[in-house]
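Protein chains: 2
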Amino acid sequence: MSEYIAPIRDMQFVLHELVPLEQVTRLPGCEEMTSDLAEAVLEEAGKLAGGVLSPLNVTGDREGARWDNGQVFTASGWRAAYQQFVDGGWNALSCAPEHGGQGLPRLVSALVEEMWNGANLSFALCPMLTRGAIESIELCGSDSLKKTYLPKMVTGEWTGSMNLTEPQAGSDLAAVRTRAEPQGDGTYRIKGQKIFITYGEHDLTENIVHLVLARTPGAPEGVKGISLFVVPKFLVNPDESLGARNDVRCVSIEHKLGIHGSPTAVLAFGDGEGAIGWLVGEENRGLEYMFIMMNAARFSVGLEGIGLSERAYQRALAYAKGRVQGTAIGTKNRDKVAIIRHPDVRRMLMLMKSRTESMRALACLVAAAMDTASRHPDTERRAQSQAFVDLMIPVVKGWSTESSIEIASLGVQIHGGMGFIEETGAAQYLRDARITTIYEGTTGVQAADLIGRKIARDQGQAVLWVIEHMRDVERLLARTGLEQADDLAVISKALGAGITALEQAVAFIVSGYGCDVQKVSVGAVPFLELLESWRVAGRWPTQP
Amino acid sequence: MSEYIAPIRDMQFVLHELVPLEQVTRLPGCEEMTSDLAEAVLEEAGKLAGGVLSPLNVTGDREGARWDNGQVFTASGWRAAYQQFVDGGWNALSCAPEHGGQGLPRLVSALVEEMWNGANLSFALCPMLTRGAIESIELCGSDSLKKTYLPKMVTGEWTGSMNLTEPQAGSDLAAVRTRAEPQGDGTYRIKGQKIFITYGEHDLTENIVHLVLARTPGAPEGVKGISLFVVPKFLVNPDESLGARNDVRCVSIEHKLGIHGSPTAVLAFGDGEGAIGWLVGEENRGLEYMFIMMNAARFSVGLEGIGLSERAYQRALAYAKGRVQGTAIGTKNRDKVAIIRHPDVRRMLMLMKSRTESMRALACLVAAAMDTASRHPDTERRAQSQAFVDLMIPVVKGWSTESSIEIASLGVQIHGGMGFIEETGAAQYLRDARITTIYEGTTGVQAADLIGRKIARDQGQAVLWVIEHMRDVERLLARTGLEQADDLAVISKALGAGITALEQAVAFIVSGYGCDVQKVSVGAVPFLELLESWRVAGRWPTQP
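So the protein lines, in turn, are chains W and R.
The opening residue of the first sequence carries number 1 in my numbering; numbering runs sequentially from there.
The opening residue of the second sequence carries number 1 in my numbering; numbering runs sequentially from there.
Note that these hints are calculated values from the structure, not bench results.
Be aware that a few hints might be false.
Just so you know, same-sequence chains aren't split out, so a pair can sit in one copy or run between any two.
[What the hints assert, rightly or not] Listed next, the in silico DSS-like pairs over lysine-lysine satisfying Cα-Cα at most 27 Å (straight line):
| hint | residue 1 | residue 2 |
| --- | --- | --- |
| 1 | Lys-519 | Lys-353 |
| 2 | Lys-321 | Lys-47 |
| 3 | Lys-519 | Lys-493 |
| 4 | Lys-332 | Lys-519 |
Owing to the predicted nature of the structure, the values given are computational and were not obtained by experimental measurement.
Let the hints inform the model, and build the full structure from the sequences given.
Okay, here's the thing in structure tokens:
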């Protein structure tokens with residue numbers, strides 16, 4: 001069974017050649033992140049990913065998480081691995097220093113996150129969800145909530161879960177029915193059922209902090225009447241010790257196509273007197289808070305696609321080098337050769353590799369822009385970077401995850417008949433990848449967000465700014481191509497045609513969105529894919 | 001749980017509008033196949049598929065086949081269903097009348113086969129493999145072999161299996177090591193291990209007739225030293241009763257990503273004195289016989305892709321009509337609507353539907369050409385039809401199966417989070433579809449066959465003949481488009497560009513195959529996909 005090897009060299013290439021780390025390290029608060037430190041972080045993370053998390057990936061897939069009378073048990077070895085993860089301080093990597101985090105630039109923590117995902121996606125979901133919950137509390141929680149929950153969530157001693165979905169409320173959160181009754185003492189009693197709650201129940205930590213969307217009495221209908229609550233599994237005493245069990249129970253966990261190691265819970269809130277919850281921020285603004293947090297989560301799911309693709313590639317490459325079958329085509333030599341010598345196997349491997357690298361490059365570009373957007377001293381620069389981030393997050397999410405399914409499927413294909421045998425391991429990546437285009441908003445939801453909120457709303461301003469830069473790259477390629485190599489000229493031409501198509505599509509969206517949104521929306525997903533044609537540019541002339 | 005509904009109306013459309021059934025019924029031996037009879041056959045097959053086989057699809061997936069001490073047990077209800085299948089005469093549908101078959105035109109039996117695949121692929125594999133074994137014996141078996149085995153194989157009382165693969169011999173059958181020692185009495189003793197043997201062991205029938213590739217002593221190395229043998233599970237007495245158990249044992253069955261209902265056996269031949277086998281045809285010509293049979297099997301696997309796609313579409317459509325989520329975009333109406341009203345869901349459904357219909361149309365065109373190739377009185381017409389069949393079989397196989405993965409995956413996507421839950425059923429189609437691009441030759445093997453044996457070998461003659469017809473369609477569309485509808489002109493233009501690309505690619509293959517086969521082969525799979533652009537033509541002006 002081949003284990004995950006963190007692609008540190010490829011990651012360094014991105015940090016030093018494509019998305020200059022030096023620019024990020026000049027940002028306020030990032031000064032300590034030297035190139036050497038970044039390398040050390042990647043090296044250490046790579047060891048944990050490859051040595052500890054990766055071997056547990058198949059264990060999680062085979063054993064799955066187990067439900068027993070309301071309790072959920074993770075697979076063999078997972079508790080110890082989680083403890084090691086927490087002890088190493090990995091959970092706190094990208095959290096804010098004021099709550100005990102290490103405040104690493106997103107550019108670096110994104111690469112580390114890719115490693116967790118590549119090594120063991122089911123495991124990685126737990127800290128990912130915890131970080132989402134941390135961000136919600138950081139962003140809009142009261143000082144008391146922050147003080148009570150953040151320190152232990154940042155270390156990872158407690159985990160977090162995001163409770164949005166209900167049976168009738170999936171993509172459409174306006175339909176949320178869970179109710180929250182104020183008790184007059186600052187607390188609320190929460191009643192309702194939530195489904196598809198990742199790590200909603202587990203045995204990795206002694207407490208779980210649920211972030212729950214619910215409606216207060218008399219709240220407006222639809223999305224404008226949803227509030228966000230903190231509902232801990234165990235109440236927390238004033239002395240920070242754990243108190244009574246809260247009225248939230250795990251009714252069952254799902255039997256899924258993939259990510260078997262990650263428990264997907266059905267949670268019943270308030271089967272008794274009601275689960276005790278605390279409001280986060282203001283009433284009726286829950287969805288707004290959730291959306292800020294969700295953008296971060298969507299970016300993380302994009303990183304899942306990249307990690308899975310890298311892992312699928314590594315396994316397929318190892319197999320292709322070792323599996324001897326047939327002779328080399330076009331030679332007289334009748335010796336059997338490894339299948340990596342066969343042209344179609346090479347084509348598949350190259351496609352897997354090049355797509356994965358381009359997805360990583362794009363994600364890092366966006367991560368660096370996140371750092372700029374949150375830390376740059378210049379207001380305008382921050383705003384422009386944020387616009388770029390907002391525009392590209394649905395693309396990172398949609399494109400990296402759709403690609404991961406294709407890449408994992410190619411990985412199975414390279415294994416031939418062995419790829420279909422579960423013990424081989426290649427099929428797990430395909431099964432795991434299949435969820436990534438669905439959760440945190442389907443590809444269709446990403447594309448609708450892209451054309452509506454990110455393009456039509458600002459009349460295409462952000463995307464036209466990106467297109468302008470694409471044209472620079474096209475010209476640069478054409479010039480260099482003329483002087484040095486034909487290939488670059490060919491790429492420039494293809495890029496040019498892609499940009500023209502993109503411009504036309506943007507014009508169509510901007511002009512049509514207001515008057516015939518149905519018609520424009522039919523092309524949303526193909527448009528999202530088209531926007532990816534700019535990835536061929538590779539190097540971004542100036543960092544956004 | 002929604003059951004399969006045979007798409008009889010769509011099938012009738014193909015028979016009457018695209019690939020005229022009347023032309024096939026004019027062929028010698030097909031006169032009885034009136035339009036009414038074809039309809040009756042489709043109706044009855046549809047009842048069995050939807051009413052009996054479809055409900056067992058999920059049973060097979062969940063229970064799987066079970067191995068116990070050399071015996072293999074199929075899932076609950078499967079034995080009874082198989083008996084019903086045999087009793088109804090369905091196994092004999094496309095077999096030759098001289099051995100008890102009904103000799104239906106391939107055009108009609110292909111549609112029936114699509115139904116079995118759509119209803120329950122794991123089940124359908126059993127008669128599919130039996131038919132392959134029947135064809136091998138029919139084609140080159142001695143009269144004695146035919147007399148002993150064919151009658152009961154044609155009815156389905158006995159099944160057949162195809163034993164090609166060994167651990168070191170997958171796509172490369174030159175590496176087969178199983179040995180066959182002549183005993184001087186007309187029999188051989190077979191020793192060796194075969195893997196990935198579909199229905200190599202099961203409890204559906206009392207006997208199984210294995211067709212086995214093996215080497216005789218002193219046979220040439222490589223593909224020119226492989227012979228084909230009949231090795232029954234139980235020897236057959238002169239009075240046609242079953243005799244001694246032969247020395248072939250099922251060592252284990254595989255734990256697979258999909259088609260759980262279909263046992264995939266590891267068979268040990270000759271752990272004792274050697275399994276008794278009989279030579280089929282002449283020594284050292286086994287691979288040649290296998291290839292004739294394999295072309296038929298590849299076409300059948302193409303039909304698997306079509307059946308699965310239809311099934312995935314039906315389930316996704318039903319879900320999209322029933323699942324209420326969100327409001328209609330672009331209207332003021334805030335009522336919740338079924339998700340089929342959302343543009344991106346419609347786009348996915350239309351893609352699934354249109355691709356499935358076009359795959360079916362192409363497969364039927366090829367099936368009709370098979371009928372012409374085997375029955376037309378005119379030699380030249382037969383040869384031309386056969387050339388068309390040979391050219392298109394890798395395309396039907398490669399394209400329909402690759403598409404089926406994509407379509408089944410879209411089916412999961414339409415279900416959102418529910419698609420990832422195994423109980424929903426959509427994920428099974430994706431898991432099942434994933435094998436179809438691998439077995440009976442991977443897509444890479446299909447594409448290599450296409451550009452090598454089917455295009456380079458005849459200098460592109462067959463494909464250029466097809467291209468000529470494509471140009472006719474392009475012109476027809478352009479003319480009609482000018483007169484009646486813009487859309488047709490647009491399609492004509494796109495088709496024209498596709499044909500031009502195809503012509504260029506064919507010229508590249510024909511000129512490059514001899515001198516730089518590596519370079520040409522890298523593009524083989526993309527070329528196979530390109531050849532499919534002609535599917536937009538829809539209607540074939542004259543039947544090949």
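Cross-check of the supplied hints:
no., hint, in the structure
1, Lys-519 with Lys-353, "between (36 Å within a copy, 19 Å between copies)"
2, Lys-321 with Lys-47, "within (24 Å within a copy, 49 Å between copies)"
3, Lys-519 with Lys-493, "between (30 Å within a copy, 22 Å between copies)"
4, Lys-332 with Lys-519, "between (57 Å within a copy, 16 Å between copies)"
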